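Chemist: Assemble the whole structure, with the sequences as input and the hints as a guide.
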Amino acid sequence: MSKHHPVLSLSQLSIRIGEDDLVKKITFDMYPGEIFALVGESGSGKSLTSLAVMRLLAEGLTIDPDSGIRLADIDLMAQSERQMQTIRGKRVAMIFQEPMTSLNPVIKVGEQVAEVLRLHLGLKSKQAKAKVVELFNEVGIPDAAERYNWYPHQLSGGQKQRVMIAMALACEPQLLIADEPTTALDVTIQAQVLNLLKQLRDERGLAILFITHDMGVVYDIADTVAVMRKGELVELAHKELFFERPRHSYTKQLLKDSIPQVRQRVLQQKQALLELDDLQVHFPVRKGIFQRKVADLKAVDGVTLEIAKGETLALVGESGSGKSTIGQAILRLVNTKNGQIRWLDQKKGWVDLGSLKERDMRPYRKQIQVIFQDPFSALNPRMTVLEIIREGMVTLQVGSQDPVEQEARVDKLLLQVGLFPEHKERYPHEFSGGQRQRIGIARALAVEPDLIICDEPTSALDVSVRAQVLKLLDELQQKYGLSYLFITHDLSIVPTIAHKVAVMQQGKIVESGTVEEVIGRPQHPYTRQLLDSAPSLVKQRIL
Amino acid sequence: MSLVFLWTDLLIWILFGAVVFGLHSIKKSKQARKQWREIFESPIAMASAVILSVYVLIGLTDSIHLKFNQENRWAPAGYENQVLSPLDLSLWHLVKNQERTYSAPFASHEYSRSILYDENGQVQQVYRPLKFAAVHLENPDNRQVLWQDLIKKSGIALLAAFLLTLVVFVFHGYFRVRAYVKRDIRVKPKRLPWNWGYLTLFLLLAVMSILYYLSHFYHVLGTDKVGEDVFYQAMKSIRTGVVIGTLTTLVMLPLALFLGISAGYFKGWIDDVIQYLYTTLNSIPGVLLIAAAVLVMQSWIAQHPADFGSSEQRADLRLLFLVFILGMTSWTGLCRLLRAETLKISQLEYIQSAKAFGMGGMHLIYKHILPNLLHLVLIAVVLDFSGLVLAEAVLSYVGVGVDPTTYSWGNMINQARLEMAREPMVWWSLLSAFIFMFILVLAANLFADRVQWVLNPRNS
Chain A
1 MSKHHPVLSL SQLSIRIGED DLVKKITFDM YPGEIFALVG ESGSGKSLTS LAVMRLLAEG
61 LTIDPDSGIR LADIDLMAQS ERQMQTIRGK RVAMIFQEPM TSLNPVIKVG EQVAEVLRLH
121 LGLKSKQAKA KVVELFNEVG IPDAAERYNW YPHQLSGGQK QRVMIAMALA CEPQLLIADE
181 PTTALDVTIQ AQVLNLLKQL RDERGLAILF ITHDMGVVYD IADTVAVMRK GELVELAHKE
241 LFFERPRHSY TKQLLKDSIP QVRQRVLQQK QALLELDDLQ VHFPVRKGIF QRKVADLKAV
301 DGVTLEIAKG ETLALVGESG SGKSTIGQAI LRLVNTKNGQ IRWLDQKKGW VDLGSLKERD
361 MRPYRKQIQV IFQDPFSALN PRMTVLEIIR EGMVTLQVGS QDPVEQEARV DKLLLQVGLF
421 PEHKERYPHE FSGGQRQRIG IARALAVEPD LIICDEPTSA LDVSVRAQVL KLLDELQQKY
481 GLSYLFITHD LSIVPTIAHK VAVMQQGKIV ESGTVEEVIG RPQHPYTRQL LDSAPSLVKQ
541 RIL
Chain B
1 MSLVFLWTDL LIWILFGAVV FGLHSIKKSK QARKQWREIF ESPIAMASAV ILSVYVLIGL
61 TDSIHLKFNQ ENRWAPAGYE NQVLSPLDLS LWHLVKNQER TYSAPFASHE YSRSILYDEN
121 GQVQQVYRPL KFAAVHLENP DNRQVLWQDL IKKSGIALLA AFLLTLVVFV FHGYFRVRAY
181 VKRDIRVKPK RLPWNWGYLT LFLLLAVMSI LYYLSHFYHV LGTDKVGEDV FYQAMKSIRT
241 GVVIGTLTTL VMLPLALFLG ISAGYFKGWI DDVIQYLYTT LNSIPGVLLI AAAVLVMQSW
301 IAQHPADFGS SEQRADLRLL FLVFILGMTS WTGLCRLLRA ETLKISQLEY IQSAKAFGMG
361 GMHLIYKHIL PNLLHLVLIA VVLDFSGLVL AEAVLSYVGV GVDPTTYSWG NMINQARLEM
421 AREPMVWWSL LSAFIFMFIL VLAANLFADR VQWVLNPRNS
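Protein sequence lines correspond, in order, to chains A and B. Counted from 1, the first sequence has number 197 at position 197 by the UniProt record's numbering; the numbering is strictly sequential. Counted from 1, the second sequence has number 213 at position 213 by the UniProt record's numbering; the numbering is strictly sequential.
If you're looking for bench data, these hints aren't it; they were derived computationally from the structure. For clarity, every value in this text was computed on a predicted model and none was experimentally measured. Be careful, since some hints might not be right.
[To be verified] Below, simulated SDA-like cross-link-like pairs (lysine to any residue); rule was C-alpha separation at most 20 Å, straight line:
no.	chain 1	residue 1	chain 2	residue 2
1	B	Lys190	B	Arg176
2	B	Lys367	A	Tyr427
3	B	Lys267	A	Phe283
Modeler: Structure (structure tokens):
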């Protein structure tokens, strides 16, 4: 097929549920060997568009009959469900965000790929196996012949995603739809998967429809960028043009939000508030019928840190590095094995929180609070916003205990975090992710803490919402002199928020210092690796 | 006249109070009110709820026991020192009108021939006429006369049923109008299918009042071996079914909630102990355990007759004991479910946040875990209800259920077992028990279905 015939051509695609248009008259073409990034926030209709191409829309959603979807020379709108089955997987393939749930856990990964080959290409078992090993080699799975017989749980997240890619490529499709394929992965692995996709595009002339909300990823991988907002295509441009001269105001804002703002942040005075000294947290590994302890999992293995008043310390590391465990140890949600958590009490001087009994810990609970990653599980669905925010005031006896005054204070807190007093009678499910995160912040603020442990508070949010939440946290810090322990895996937000950075790997701090020191002149190889894997859009700005 | 409190009466009224209190708290919570509204948006749920409430109402009127002294103007004739409920009083004509033996529904003569000597001293085999049925008719053998009488009387009863429904409609209408006037104009909730509720109520009342009115003139569902009216038996059995279906959950719930949440929340050795406990209990066949316990109790009652006042009290205690045993053997399923859910919930971040506020132990469980388990509990209770009613029937059939003197569908079916082998067959006992039980179980199942559908978060 010639390079000048589009692989995928959408014209006036509309998707509606009942009377509402969820996707409004989208038109674009994709050519062989093109990586086409479809960008937008959650709910913008980007995933719906890709599902419409596969004709896999959920029940109740209908494609407008005037829409045109053409795959090379086939009119997909005119295909019967039976004909679509031969097209899916064979000519259009798809990979998903969550490799954990896309693979069947009880079938060997090699078999799962071979199955596709047998089904679509009619290969015999032996040929199929040989082909699978070949594919595994192509997508960079080491010891391919050996891994053929492994089960999904034995593979790492990145390898599972590679298996998914191998499965998608098995029948040599013309078009690959990648729906946020790297969102669930750590930065280093994300970089590897992106490289793999680019390499496959070059070798096979594959067209890739890449759906993402991450501008950094777009900058690294895309040839063409399309931005969707509320079901409409607001901008469509080549990558270079797109990043140089965004036209639509929404796109401009999106780019501004996703590129880190480097700010010099200097503390006026430095007075230590919290010190961790050789902190160790071990989790017992139990086995056998009597649950005997056979080993220790060293989640935190000798960490020494210091946070000053009004300072933000960013704790950076990949998943499983033990960074969240540190936060939980400070809150005494897990027990420490060794080391000290020293907290500066206004009256008593330094107190070791790690050795306190629960009752003695109570006065410090109001000084240290926490906000969480997932705004959907952080709020009790059976309580109103008022009850949620008031809970800490009642339990910890903060402020007036008079219900009317407490309610007035809740009103004030809601205004402070950018919500309205009339929201207080509602239940959490009536709010969006960003609003929920604000409620979580209000809940923490209600007890007037000195330190807030922010456990990945923005990683589940869209970029523009993320920028708003970070701004809110910053304002609160300026106003009340709060300290933050900001736990994150996302390097790009570090320069925006932090005074200091500590990089964590396998339970240990490998490097720490001011933001300029660590990001500008990384010493440890792991820090350098992390920075290298960061999207180049981010790198350009922060280095 | 004095009130007599049987143990099951006391418990069922306590449970009734608890349910009323629960409804009150539902009224206060916006979220719960919305969910219950959604449940009743289905016509089937509405109809089932009407049927269930009528059953429960009958069960409740049968759960007040009165003992009459001499000289009481309310007391029916022949009441001497009997313990009676309002239901007994309203069906007193059936207790009084006992025949000699089997008779078919609406029959005017006995079902089998008996030997009689006529004036000449000749032996004759005749169908003797019934003492209390169809005696107002001059010629009850004439089918046409019988039908005319039935239709005429049914018409009167139907009219009564219609008027009764109208009374309920007007009474309820007052509240509906008031709610409509006070409504929030901005929200437009879906209309509840009241018309289905009224239709069900009317049908139910029609059948009931026809049966009730005709029971003054006929044995509408026939009589059993000793001539007792089957309609009376079936009505009295309602209480037994409702008691077993509801009280058992009262025994089961605290156990399942306490153990399930403890296991899931505290984990560690507490979890191990509770898990071993319910695994052990689960591995003993349920019927075997129940049979053994009932037999032990039977022999104990037989050895200590002095501890029980009357035969009513003895029968009641046996019912209570059965409830207790059923409760002890049926908590494991819900417990397992609650443990798993608690394990999941206690990992969620709002629990961690509550812990960061220094909350712990019972307060945290009450505030954050229990409310998030309630939908499971409710689903389990409604689903278990019909299972328990059926379990009673099975156990009584096997002979390890309620006391033989207690009216229950299980006992009716058990007695009907031999009657089925007769020629000609006596079918009405079995059929009546079956239909009364079937309607209750079907309504409970349909209602449970809807509750589960609405409360299951995966369906929204």
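Chemist: Each hint: holds or not?
Modeler: Structure-based check of all given hints:
1. Lys190/B / Arg176/B: Holds. Lys190/B to Arg176/B sits at ~14 Å (cutoff 20 Å).
2. Lys367/B / Tyr427/A: The given pair, whose Cα atoms are some 15 Å apart, holds under the 20 Å limit.
3. Lys267/B / Phe283/A: Between Lys267/B and Phe283/A the Cα gap is close to 15 Å, so the pair holds against 20 Å.
Consistency with the previously given hints is maintained throughout, with no hint failing.
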